[in-house]
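Dock the two chains into a complex; use the hints.
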Amino acid sequence: MSHETNSLAPEQLTEQQHTVLVDWLTQLADDEFILGHRDSEWLGLCPTVEEDVAFSSIAQDEVGHAVFYYELIQELEGVSADYLAFQRPAHERKNSLLVERENGDWAYTIVRHYLYDLWDQIRLDAMVESRYTPLAHGTQKMKREEYYHLIHFQHWFARLTGCGGEAQERMKQAMEWVEQDLDDLLDIGVYESDLLSWGILTKPPTEMRSEFYSQYEDLWKDISDLSERMIIFSKQASKGRMGQHSPALASVLENMTEVIRFDPNAQW
Amino acid sequence: MDSQRMEEEFVKRVQNGAKIESNDWMPDGYRHLLIKLIHMHAVSEIMGVYPEKEWVPKAPNLRRKLAMMAKVQDEMGHGQLLLRIVEDLAAPYGKGREELLDDLVEGKVKFHNVFHMEARTWADAGLIGWLIDGAAIINQASLLSTSYAPYARILKRICAEESFHMQHGENVILSLAMGTDKQRKMLQDSLNYWWYSLLFFFGPLEITPAAQKMLHYRIRTKTNEELRQKFLAKYVPRIWSLGLTIPDPTLHYDSKLERWHYAEPEWETFQRIVSENKGPKSQERIALRRIAQDQHKWVRLAMTTGI
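Chains A and B, in that order, are what the protein sequence lines are. Take the first sequence: its letter number 50 is residue 50 in this note's numbering, and every next letter is one higher. This note's numbering runs 1000 ahead of the 1-based position in the second sequence.
Chain B with its partners taken away, still in its complex shape (with noise of 0.2 Å):
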């Protein structure tokens, strides 16, 4: 059978809902797609920890350091499993951990655009918890019906953690919504700082060639937007209920379109933020990273050859 003729066959087997395993045979464009897609999510995942991570030992009592303590633990968790699907995915290539992880501190895999922010305050610590995994999990929810089964099999695990850390957010959101003036300010002020990155972390309005494909193939079945409204759905009445504004005025429910209306992120902004990792802390994390990476180069020296 020709490659066109075997690309024709699978499509038509994903578009019936197949699903893919690691060592079956799969056409290079669908290879490559995956290997970036779950690429980024695993380094996401590893970026994800630096802007808690800094909230760790600030943690104000016993309960609420245990817990920060173990969701942290849990992303760090989630990027190795992600890792490892990526090897399976790019061991024809002959790129293994070390590569991948090289890739990160090398700059030539991005992450994504909220990990390049600062976590500036405790609340940013619970917000990122409530509203970024929240996003997350309807990010990644959309991917459990994807093509390929060892994804799909991860992400199962990786939502239900995720829907403990996003209890985790509310619960730290709910106490500084109740408490003292100054906490809610800080709460407000931490909604103003991460709104438009929320807004902008499902992707851009227009369905890239990427995009595309990955439909096509049945890798995602949502568009950005789509993805985008449902957090709107899901969080804004929530965000309202706490007593807190959203910036933007001109967020409303057109009940004509049957969609949110709100007002865009600077795409171009946020879109230089994560194509050249220009955001505020992006550096700076790839730096700690790069500790990781290369300062204990020795480490995984010893451990794997005895010298």
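So that you can see chain A by itself, here it is in the shape it has in the complex (with noise of 0.2 Å):
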């Protein structure tokens, strides 16, 4: 099948593909964008002068990622890039609540972002053959990041759960702590399934979610002591995806935009 003749242009989309497209590639944007922000939040404070290093290329693809859909709904809606990164009022933004959240441990840190970028690849995976096509060459493009990204916490993940002591006792701890963000990260949204049947993703939505619950679960049977641990999910209301934000959330908006607002009417 191809997917060149049997794709989705800009110019050809209906009103309600439009709304369901800027929906989901909102949700994209504001993950990566709010994730990269709290990621560089770090700079200065990691735990090495090496991992200082490493953690800001991370932070940075992932802004970079953030500017890569957001120029594509700016395409599609004509607002700017910058607008739709630092203007944007709390309740319009569709980000999930775990990258939000305030950056705590580091503990916390990393297993956010292993589950974040555990998720995230399962996320690409379902667009890079994406019949919209400017989404699925840039999916292609961030897949090679991602992955390297992947290691990097993969490897942390495992030093930090496989020693005992105090490092195990914390990513214990972090694990349940993101773990009730994570239906919400899981969450697409109402559009699930237009963006289907539309081939916007090219796999069902509920297959993606079972396939990082079942990673999810190996993770927790790698930390020894914990296989016996029972793991219930259950499908909470959406928040994040409905705008719905932590304070969390706002304080972020607020210190993001304290230059701009000292002139709204200057170019920086």
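For the record, the hints were derived by calculation from the structure and aren't laboratory data. Quantities reported herein were computed from a predicted structural model and do not represent experimental measurements. Among the hints, a few may not be true.
Simulated DEER-style distance windows between Cβ atoms [claimed, not checked]:
no.: 1; chain 1: A; residue 1: 217; chain 2: B; residue 2: 1180; range: 31 to 39 Å
no.: 2; chain 1: B; residue 1: 1241; chain 2: A; residue 2: 75; range: 36 to 44 Å
no.: 3; chain 1: A; residue 1: 254; chain 2: B; residue 2: 1234; range: 47 to 55 Å
no.: 4; chain 1: A; residue 1: 223; chain 2: B; residue 2: 1297; range: 16 to 24 Å
no.: 5; chain 1: A; residue 1: 165; chain 2: B; residue 2: 1185; range: 53 to 61 Å
no.: 6; chain 1: B; residue 1: 1297; chain 2: A; residue 2: 128; range: 48 to 56 Å
no.: 7; chain 1: A; residue 1: 223; chain 2: B; residue 2: 1153; range: 41 to 49 Å
Cβ coordinates follow ideal geometry from the N, Cα and C atoms, glycine included.
Structure representation (structure tokens):
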């Protein structure tokens, strides 16, 4: 099957397709942007100087991906990527709650990022052959970078959970905190079935989620003394994707727009 | 050969332009000076992260945000490269990374005066890139001919990256200079705040015994004042061309003496900032560094020992 001939072109979208696509791209863009922002708050505070350098590269990649998604929205909506990133109020943001949480300790940071990246990989896999070709092309490139992020966090995760003592205690605690936000992360909003039927996503979201949760359960199994733990997921009401956020996002946005607010008419 | 003869031979070699590698024999005095200089340089790069770090989350658009993140990352990277050099030099004394960074939080190693100051506005963040990195390039480019080869090699890369930073800073500054009244006022305030810190950055007028020794060993080849004059020659015209006022009415080029005349910074006040960590932001930033160093001991322990 040729995706080129069957492709959705920006100018041929129906009104409903346009709406669905913008909603989805906004989720992706906001996830990457807010996570990249949170990552950048680690600058100068990482456990080693080497990690400071590495983590900053990852932060820049995430913001770079956000720029890509915002520019796709810009093309569809005629609103600038900068506006989309900086000027929208919290209730218009569609990032998951997980990425807006405060950084916490290094264990939380590693667990959050690792689980986010595991989900992101599944999400990217479902888009590399998207009928929306600009999305297919961009996600193919992103996958190359995300591959290295995943190795990086896999390594941290394995090392910190693999030893005993304080590190493992902190990692267990972090897993429990992150787990509370997983349903929200894996939520795709209200247009799930349209995304699939129009081929914007090429894998059913239910399958994507079960793929994630089976990997997630394996992670717990790897933590030796936690193998008996029962993991129960319940599909909770969607929050982040519907623009319902925690106060943490409001404070991110407040901080982020300080310079712009100083003189809203200025070019910076 | 007795040690005095070896020392004399060594000095003759470096004065003839020989380059020293980390595993070559070197006088203790030479090693100590290098450790002191490069350790201070390394931690200054790291402490230079903090004033700008505060502005990374506030960068006003996507392009600036990405540029700012990359720039601050470079500074941390410079710190890492320089620490590796000090680690080699300090190995005979049993000092490694952990101890070198502990020295910083314990106030045993100094860092550049400019990084004790507050970055109050976006203009400050831009000015740090433009003029402080500009000053640093002048300083570091003069060290490219240093007799210690590993330092020279790293400086080559640092200078290349710093010149990007300078252009990044200049670009931020140009937007402000060509912007609204509020932006121009913010920029002028920033120059007023930083000017004397910038002059102090190059160090005292007199050639201290330590500086004299560094010249003797060809660790450095230019005096503080020569470098300050270079900075003034390069940047005063640029600052003026943006329509900014330098907060020193006596500043002028003396064509007879062929040097810039300037009002001197309050040497003692600035010196205290550096030697006693008593700048407006010294303690706060050292506390941030302490977070990285102390609160993450468990992480480094887990990664190295598996406990």
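Here's how the hints hold up against the structure:
1. 217/A - 1180/B: 31 to 39 Å: Violated, at about 56 Å.
2. 1241/B - 75/A: 36 to 44 Å: Given about 39 Å between the Cβ atoms, the range holds.
3. 254/A - 1234/B: 47 to 55 Å: violated, 39 Å
4. 223/A - 1297/B: 16 to 24 Å: holds, 22 Å
5. 165/A - 1185/B: 53 to 61 Å: holds, 55 Å
6. 1297/B - 128/A: 48 to 56 Å: violated, 42 Å
7. 223/A - 1153/B: 41 to 49 Å: With a Cβ separation near 44 Å, residue 223/A and residue 1153/B satisfy 41 to 49 Å, so the hint holds.
The earlier numbered hints that this structure contradicts are 1, 3 and 6.
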